[in-house]
Structures are given as C-alpha cells and as structure tokens.
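K.L.:
Go by the hints and put chain B onto chain A.
In case you want the letters, here they are:
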Amino acid sequence: MKRVFVVGLLLLPLLGRYQSFVFSLAAVYALLALSLVVLTGWSGQLNLHIAALGLGIGAYAAFALERAGAPVAFAVPLVAVVTIPLAVVVAAAAVRFRGLELAVATLAVGLIFERLAFRNIAKALSPNSFSSSYVSFGRPSIAGLELSGDRLFYVFTLVLAGILFAIVVHAGRNATGRTLRAIREREVAAEVLGVPVLAYRIGAFALSMVAAAIAGALFASLKAGITPDSFNLDLSFTILAATVIGGVASPTGAVIAGVLAAGLPELGRSGPLSVLLSGERLFLAFGTGMIIALWRYPNGIAGIFRRRKEPGAGAERRDHAIPVAKSERRTYATSLERSAKPTILRIDDVHVRFGGVTALDGISLFIPEGEICALIGPNGAGKSTLFNAVTGLVRPNAGRIYIGGRDVTEMPAHRRTALGLGRTFQSVEVFRNLTILENVMIGAHLARTAGSIAEAIALPQAARSEKHIRAHALDVLDTLGLADLAGEHPGDLPLGAMRLLEAGMALAHNPALLLLDEPSAGLDRAETERFTDLIGRLRAAYGLTILLVEHDMGVVGAASDYVYALDFGRIIAAGSAAEVRRDPVVIEKYLGAARPPAQRRFAGARR
Amino acid sequence: MLVVDNLSVSYGHIQALRDVSLTVARGEMVALIGANGAGKTTTLRAISGLVSADSGAVRWDDTLLTGMAAERISKVGLAHIPEGRGVFPRLTVAQNLKMGAYVRRKRISNLDADIESALELFPQLGPRMNQPAGTMSGGEQQMLAIARALVGKPSFLMLDEPSHGLAPAIVEHVFELLDHLREQGLAVLVVEQHVAAVLSRAQRAYVLERGRVTLAGASADLEHGRLADAYLGSLL
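Protein chains in written order, with the working numbering: chain A, 1 to 607; chain B, 1 to 236.
These aren't lab readings, by the way, just hints derived from the structure by calculation. Keep in mind that this is a model prediction, so the values were computed, not measured. Where is the CB? At the ideal position from N, CA and C, for every residue including glycine.
Among chain A residues calculated to face chain B with C-beta under 7 Å, some are:
#1 P378
#2 P494
#3 A521
Pair ranges (Cβ atoms, derived):
#4 A:L495 / B:S155: 25 to 33 Å
#5 B:A94 / A:L419: 40 to 48 Å
#6 A:W295 / B:R90: 22 to 30 Å
Which chain B residues face chain A? A few, computed with CB under 7 Å, are given here:
#7 N36
#8 G37
#9 G138
#10 G139
#11 E140
#12 H164
#13 G165
#14 P168
#15 A169
The shape of chain A in the complex, shown without the other chains (with noise of 0.2 Å):
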C-alpha cells in the first residue's frame, strides 16, 4: 500500500491539468471503496446507497462547516469529527436490522438524504443561490499555498487517502480486521468467546461512514461545487459495482476500484475503448464486471492476484492424536462433599419460554468448583437452552444464574465469557474464513492489552498484543496437538480435530468453567475415547469445571462425577453416573428398556 502511495506521488510530474483531476477522483473513489471494503468485506453488512448516506453527507457538513467560517483545508479533515456522532446514530440504527433488511433500509435513508435534506440544507446555507440546489465550494489553502492548482489539489487528496488507508490497513492486519471477518463468519460464537459484537458492528459501520464522508468532502472540493444529482443512485452502483471487481475484501481491491469507477468513463469519451464504455454502456461493463467476479472471483482482481501467492493445498492428513496419560480411578463425590466446595455456577428456578413452548419449567443446580458434571436427557429436554440461559445468550423470564457468585442473569454474552465462562457448540462453531490459529487467537479475543485505536495509528503495544495473542494461541494449539495445522484453515479438518479446535477457542480466553455441547456427537469410536480422556486432562491441567451435554452414557460414565437428568424443563435425577443410570425414571424416560451391556458402546470398557 505505501509502493501505491508513492507510485502516487512520483507520478505527478507527468501529471497535466486533466490527469491530476481523474487523478484525484481516482483517490477519492479509492477512499469511497474502502470505506465498503470495511463494511462489506469485513463486517458482512450493506450500505447500497453509500453515494448519499456517506459521500453526500461528508460533501455537505464540509459546505456547511465552510459557510460557518471554517477555511477550506481545515473543513474538509473537520468533516471526520463532525460526521462521527452522526455516524455513531446512524450505525447504531443500522445494525438493528441484517442482511436484505439493512440493504433495503440504507438505500431509503439514502434516498431520503439525497432527494430532501440535501436540497435543504443548501437551500438554508445559501438562500441566495442562483439555482435552489447547486452551491460552489472553492478549494482549500495552506500556509498561504492555495491549492486551487489542480496538482497541488492531487497531492492534498493523496496524502488525506493515504493516512486512512494506512488506518484501515494497520486495524485490518491485527485484531481488529480478524475480529470483523469472525464476526461476519458467526456472530452467535463470537460473542460468546467474549467479542462484544454490537460494539464492532457499531465501529465498523461507523467508520465506514467517517471514510465516505471524508472522500465526499474531498470530492465537493475536488469538483468545486456539489448539486444533490452528484450523490445519486448511479454513483453508489458504480462504487459498489467497481469495489466487487477490484476485491471487496482488501484495502488493494479500493485502490483498483477507485482506478476503474475514475479511469473508465475517462476512457468511453474518446479513444478505441469509448465504443464499449461511452454513456449508459459504462453501466453494462460494471454490471458485466460485477457478475462475472460474483460469479466466478469473490475476492475480485485483488484476490486473483493473492491466490498465486498461496501455496497449493493438499497437506497430508496427520492424527491429532492427544498424547494421553492414563487418568487414575476417581471417586464419586457424595451429594454431602459436593455442597462443601465453593460453587462456581448456580442456577436457581429458571424457566424460559418459546412462544407457547415451555423449554426450561424451574430448574434449579449447582456445580461446586473443579467438578465434571453431566446433563442428560431426552431430545428437547431442554438441555441446549439451559446452555443458552448460561451463556446468555436466551434471557430467562424467571429465575436467577450466578456464576462464581455474581449474578449475571441480565449480563450480556460477552460479559459473562470475561467472567471465565467457555463453551462449545453442538454444531461445531469455527470460523472456516480464518485461520485454525486465528480461530483460537480470536478466542483470546480478551488477552487483547491494545484498543482498535492503538492498532490504526501502529503504537507499539498493538504489535506486543498481538505477538503475545499469538504467542498464547499457539500454546493452546500445543497441548491440544494442532500445532502443525497453524495456518490452515478449519474446513478441511476432520470432525473430530474440528471439535478439538472448537475446544482449543474456548480454552483459549482461560475460562474457568467450560460448557461441552454433545462433545461426543459425530464422532467415531477412538475419536470419542481421546475427547473423554481430553475432558479429563483439562481438569487436570488447568482446574477447569466442566459442565456437559452428552448423550453417549460410556462418555457420561467414564468423565463425569456428577450427572443431572433433565426431561420436559425439569431436573428429574441427579447423583453419580451409576446412579442416574440405575433411575427408573431415567430409564424409561431416557436410556430406553434395558438392552443387553454387550449393546452399549464402550460402557463396559471402562469400569
């Protein structure tokens, strides 16, 4: 990015009056893509009217700031201070709806600026423009030198683009970036390994808006006057349409869309190109152009060129073995010890409701501190809601959750995963778009000790923080046996190392009490004795408590020391595995008429 920068600057001696203008434009669009490279490409959300609610509002708070007496060069870097309590509101507004929804609701909001408060607020700043709408912005001065040259104009453009590129690019390449395209994979595992994702969201889309209103402050000045048509519809197609074909997933990609949405209609008004690209054929070659990478380059001409730098795939698949001392015999803790320990989680009276579906019908338990506890029972038991409860991420609509004492029932995911909670996902939540060490460095998510801020201007303790993330994740690679996989990425893994990963991001925010979803579900035989023996193990190491979810009674009976039995919302057994086993209740309800030992998996094997 700094080579651009610089091939930016050597250029322009060469540069006429003309070129130093698309040159500028082309900066400006850059500046414009970035902002939907960050939002789009990382963050997974929509702006489709970004010419309006972006560009238009940086254009006319830099108008207004300049009718307000502010000079020229000082409005237009002004505009990024005023636009971020706008941006905050309009963010924090935004990232209430998702996906179509938000698309729908940027383009009306867009709308809205571009045909009324546009209009207005040029009518009310310069009542007496000859036309209602057009109003002129002049060019910027410092130090006496006024710009109004385009070249200078060119180098004043390029420098404001290069520092919030180098922005984005430093906030990108550490956490932050990681963070975002986490967040955009599976929002529900994120914040539960203690992201705070609404911030994000907020940040990014906020950001976002901050970028385009900046570009659109250079752009008023740049074209020395704005009407509300210069924010149209036709402008935010092309953006967007331009941005997908450079790489809407890299500050690179921005650059190359800014080239093309500057450089091509350049092209279509003479010379061999201007059959293809003159007039309303522009829009065919976007739309032609945007389709194509849709289709067949998601990560645009940025991502073709990153690919050849990828070494081929086909790494040899290697047993993640665990390296497995035997664990000794254990007893039973009797219901008598289990109350003497201190209690890390509590859950008294809880019910949840769906609708008319009662899930959880009063339930009340406690875990004492260094216990492997089980729940069992029946499929829609309620087992994965009161994981849910725990982990915030259902509210009850009665009862209260303490964990370690505090009460966390109105606590938000995040929150409670800072408090020490970890857990894992019956449907394995990992992020296939990272890294297998990305994944658990995401985990680590709270170890962070550098802010977004500190990432985006490079102060030195964003690099301590992510060597020491890094430094952590892979030491929890380590123990779980997946070193050698570092820098792989998830999809490729076997269900059972895949589970290991899951386990790996939990432990990775050093949790003190880790909740397990059906660890056992999907996997074959050896894989499923290497994960009980693993359960035991982290215990061991790190004095973890464990609460699981487990349907494989040899699992129950070989890890736990402590099972509850749910059915209907209910606790209908508690004590040691044997004794639950031993249930009538249990059996009818849950482990079904007695069938012959020999039939039970791996149960006789271990005991």
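P.N.:
Relative to chain A, chain B alone:
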C-alpha cells in the same frame, strides 16, 4: 435393488472413494461403517447425485442413476437424510412434513393420512405441528428429518448417522422403526457410528477404510468377530 459398481469419487486431487461396490436389496437393511473420514458420507452423496463420480455406476433396478440430477434421483424413489438434519427452520413442523411430499406431487391422494402415520412413528412431534422447526431441539429436528423423508414414500432410504444427537431411547426407537420399514419392503442403507446398535438390526454390513471397502459380510459374522479384524475391533 440398488447396485453400486466400482464407484470412484475425488475432491480436487484428494481421492475420497476408490472402486466402491455394494448392493442393497428391497427388504434389506445394510450398514456402512468405518472411521470418520473413511468416505461413508461421500458414498451416500454420490448415490444421491450430490457429488459426481469420476468412474463407476449406480443403478436402482434398471434405472442408471449415475449422471442424473439429484432432484430427479429423489423422484425415482430414493430418499437421503443427510447428517445435520436440513429441516427448513422457518417453516412449521407441519409445513416441513408437507414438503416431504414434494417428490410425489402428482400422486398426492391422502397426504394427511401419510403425515398422520409419519407422526405415529414420532409422537413427540404431534404437539409441535405449528411450531417453526428451527425452534425445536437438535434431536427433535432429526426426528422431523426422518419423518419428512417418509412422507415422500420412498422405496430406498439412506440415512447418514440417524442417531446423531438423539437420546439413547430414541436411537433404539429409530432402529426399530427402520427395521419395521425394511419388513415392509424398503431398501435401507445406514451410515452409523453406533456400530453395535446398527449391526444388531442390519442384515449385512460394509466396512469402509480410506475410501475402499475392506470388509463385507453378514452383520452377525462381523458383530461376533468371526471375521477377525483388528480394525473392525477398534470400531466395535
């Protein structure tokens, strides 16, 4: 009768199946077992047309299924219940069940009765008919996936880990149910990790290892170790 003849499948340059051959007759339940990554799911996906084969053929009676689109294969009477359910989360249970009849659009006469009989097999779904399927527990969605396939009145049923996420009593119930369907003349092919449970119900079994069939025989022989094999021993 389903005949799979020397089927080979690869993903990119990774060979997932090598010359897999197997048969499933009407009125027969056949188990496909093996470690994770051995190619069990790929075999089912190749039969139902979700992945294309490099070589080899799949036939159902006289119909050549190889190269046919998946939705046409399902209209021939083949039902595939993939692992991980695949119910429509925003549709109600009732709407999901009706979608099961899509493959026999022209032959719907007594859909309600068919849904009724599918519900008899999973009484737990009855009270949930008007609930969006996505709000049910994982195990209940699994039951719904099986019930929905049966509404389509298939003649050949393939299940990928039907026990996944099911309580032990329901696992037993599902295998009893499959046995019952088999007695009525269905051909059933099951991929399953609960090896002992599936072998006690299936007539025959194939063991898949790194994309190849390494062992085949009557379930009873495999179950009682008459075919001595260290690998099979590690599965049981």
